[in-house]
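Dock chain B against chain A, hints included.
So the sequences go chain by chain: A and B. Start counting the first sequence at 1; every next residue gets the next number (this note's numbering). Start counting the second sequence at 1001; every next residue gets the next number (this note's numbering).
If you're looking for bench data, these hints aren't it; they were derived computationally from the structure. Bear in mind the structure is a predicted one, so any value in this text is a computation, not a measurement. Just to be clear, a hint being listed does not mean it is correct.
Said to hold, decoys possible - Computed footprint of chain A on chain B, listed as stretches where at least three residues anywhere in the stretch have a Cβ under 8 Å from a Cβ of chain A: (1) 1067-1073; (2) 1287-1293; (3) 1391-1404; (4) 1415-1429; (5) 1478-1488.
Stated by the list, open to error - Cross-link-like lysine to any residue pairs, in silico, SDA-like; alpha carbons within 20 Å at most: (6) A:K58 x B:D1256; (7) A:K108 x B:P1429; (8) B:K1144 x A:K58; (9) A:K78 x B:L1146; (10) A:K124 x B:D1271; (11) A:K78 x B:V1449; (12) B:K1152 x B:L1163; (13) B:K1259 x A:F93; (14) A:K58 x B:Y1264; (15) A:K8 x B:V1449; (16) A:K58 x B:D1271; (17) A:K70 x B:D1193; (18) A:K108 x B:T1109; (19) A:K8 x B:A1422.
Claimed, not checked - Computed far set for chain B versus chain A, every beta-carbon distance over 12 Å: (20) E1002; (21) G1024; (22) V1044; (23) D1082; (24) K1114; (25) T1141; (26) F1195; (27) K1196; (28) K1317; (29) E1330; (30) P1367; (31) L1372; (32) G1374.
C-beta: ideal position from N, C-alpha, C; glycine also.
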Amino acid sequence: MERYRLLKNEATADIAFIAYGKNLAELFRNITIAVSNIMILNVKKGGNKKITFVMHDKSLDYLVIDFINKIVFYKDYKNIIITDARIKIDKNFNLHCSAVGENVRNLKDNFLVDVKAATLHDFKIKKEKGLIKCKIVLDV
Amino acid sequence: MEIQELRNSFKEVDKNAWESENVGKVPIKVYANRNLLKKMEDDVFRQAANAASLPGILKYSYLFSDAHIGYGVPVGWAGAFDLEEGIISPGAIGFDINCGMRLIKTNLTLEEVKPKIKELVDALFKMVPAGVGSNSPQSLTALKSLSKSELKEVAEEGVDWALRKGYGTRKDKERTEEKGSLKYADFSKVSEDAFKRGKKQLGTLGSGNHYLEIQVVNKDFNKEIANSLELDMIKNQVVVMFHTGSRGFGHQIASDYIKKFIDYSAKNGIDLKDRQLAYAPFNSEEGQNYFKAMSCGINFAFVNRQIITHQIREAFKSIFKKTENDLGLEVVYDVSHNTAKIEEYSIENRKKKVIIHRKGATRSFGPGNKELSGILKRIGQPVIVGGSMETGSYLCVGTKKAEEDSFGTTLHGSGRTMSRVAARSVINPDKLLESMKTKGIYVKANSIVGLTEEGGSAYKDINEVVDSMDMAGISRKVLSLRPIGNIKG
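Extracted from the complex, chain A is given alone in its bound form (with noise of 0.2 Å):
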């Protein structure tokens, strides 16, 4: 299974992509593989920081947006890329994350784009055939 798409056609100044999962876990982590690989040419999943945190959202779209905006905000404030994570989320949007990562200045030979923001604009999420499919326009 596909686990993210760019959308070619889409965000003219920044970038789009419809992440994939099985389950909302699933979703998450392949979100999280999407958003390290935009930010860093074929970036390796793994690393030797750890990063662990828990938020909550009152709805899986700000749940969604939020999380992408935790990723971003590790980069700038730790400087550590998350490259890949595990994730529980239960009925009530409570989401738990393990994350691990590289150091910023371990991958500058292959910077791609600096994403600064997760956006609202034309977010889609939708279950087809048991699969979860979330779009999403990244401001960079």
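The following block gives chain B in isolation, referenced to the frame of chain A:
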């Protein structure tokens, strides 16, 4: 109104100025030639129509020749709102608060710079950090991790802070929009996350469409104004132009308040046409809190560009072994793109203060404006229009007509024609580098793939978008500038 009906309703009311039917509270007004108007995407008009329905909007929802789809409203858009009845919206300002351009002149010529261009660009690349998650310059240890009280001073004082710390001159301040400081800034309205994202980012360029370029004066369209700005006084004069904003600090402020305003809408029964265009009444507590936080973002960006100016001066001094005075490194002007500010205009023969939102648009004050001082009072405010790294840029000036017709606003850049993902697949990196080499442009970038996203063919024709505004009388061309060295994040 259906989108095709809306498109068909545009009538040319003046040279390169088009008005639609009323699409909400006001019509849309577009400044562009017929070709650019035709090529604008349907969503540009949908978004401009959404903005035309916002409470308290005055006269028009404006689009400029560089307009393309944005979040909430297009990039290349402006709208003025009544202070009492109107709103403030982060989506109508943009994530990168006070993303802007600065132009610096030198006394050097192409002949003097060309032999050292590689050395110069490499030095600048080292001294002005660019790329993903970049931190403040290594050499400026005092900026490496600002405390909360230090960042509060930066955010509330703006360029005055940078001057106090020795990063600039009084003349730099005079040549910065709003003199580099918005008095409404209140750091207590800024989140802890914004502080944490911004505390290591002063003096950094960022990535995407942010760049630093060494340019040469290419062609003059108004030599008298150029000379008044000490430009085009010598043949092949070299200048420095760069584009950056408020980095993670400003983005976090925008993200925080979009969420707050969506909650505000839900609580107050506001039916949003687009969540990205969430708003609050300007005079509400929520609206004022954002205005004060956003003003901190504006000030942060002014300081960011001032620190980069300091680094540029240091790089030139070390490469050319001359003093700053001999090099003539002076700020021509610094303009903002993504802002909301209180400005005064004459509406139906009455002076009125408005909250003017500019998203991917530049202030364009004409000669005599009370906000301008010195020589600018006579010639008008410089408008710096950045093009793609291949095709060059422009220096223009604002006009009285802009103040009368478009709330003193004009275009900001070329405007994109294709997405970054599309650009990666269409533009061949080797051919791009070869083409730039042929044109005499030395490029230093973190990633060649990243560079292709900014290739010239990903943008509209800079000449056409600038000419459109010149012919409309909203900003006037002074000089075209061509790149010889470029730094990309």
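Quick rundown of the hints versus the structure:
| no. | hint | verdict |
| --- | --- | --- |
| 1 | 1067-1073 | holds (count 5) |
| 2 | 1287-1293 | violated (count 0) |
| 3 | 1391-1404 | violated (count 0) |
| 4 | 1415-1429 | holds (count 8) |
| 5 | 1478-1488 | violated (count 0) |
| 6 | A:K58 x B:D1256 | holds (16 Å) |
| 7 | A:K108 x B:P1429 | holds (18 Å) |
| 8 | B:K1144 x A:K58 | violated (37 Å) |
| 9 | A:K78 x B:L1146 | holds (14 Å) |
| 10 | A:K124 x B:D1271 | holds (19 Å) |
| 11 | A:K78 x B:V1449 | violated (25 Å) |
| 12 | B:K1152 x B:L1163 | holds (16 Å) |
| 13 | B:K1259 x A:F93 | holds (17 Å) |
| 14 | A:K58 x B:Y1264 | holds (15 Å) |
| 15 | A:K8 x B:V1449 | holds (15 Å) |
| 16 | A:K58 x B:D1271 | holds (19 Å) |
| 17 | A:K70 x B:D1193 | holds (10 Å) |
| 18 | A:K108 x B:T1109 | violated (33 Å) |
| 19 | A:K8 x B:A1422 | holds (5 Å) |
| 20 | E1002 | holds (20 Å) |
| 21 | G1024 | holds (20 Å) |
| 22 | V1044 | violated (9 Å) |
| 23 | D1082 | holds (27 Å) |
| 24 | K1114 | holds (28 Å) |
| 25 | T1141 | holds (17 Å) |
| 26 | F1195 | violated (9 Å) |
| 27 | K1196 | violated (4 Å) |
| 28 | K1317 | holds (26 Å) |
| 29 | E1330 | holds (30 Å) |
| 30 | P1367 | holds (33 Å) |
| 31 | L1372 | holds (31 Å) |
| 32 | G1374 | holds (35 Å) |
Hints 2, 3, 5, 8, 11, 18, 22, 26, 27 from the list above are not met by this structure, while the remaining hints are.
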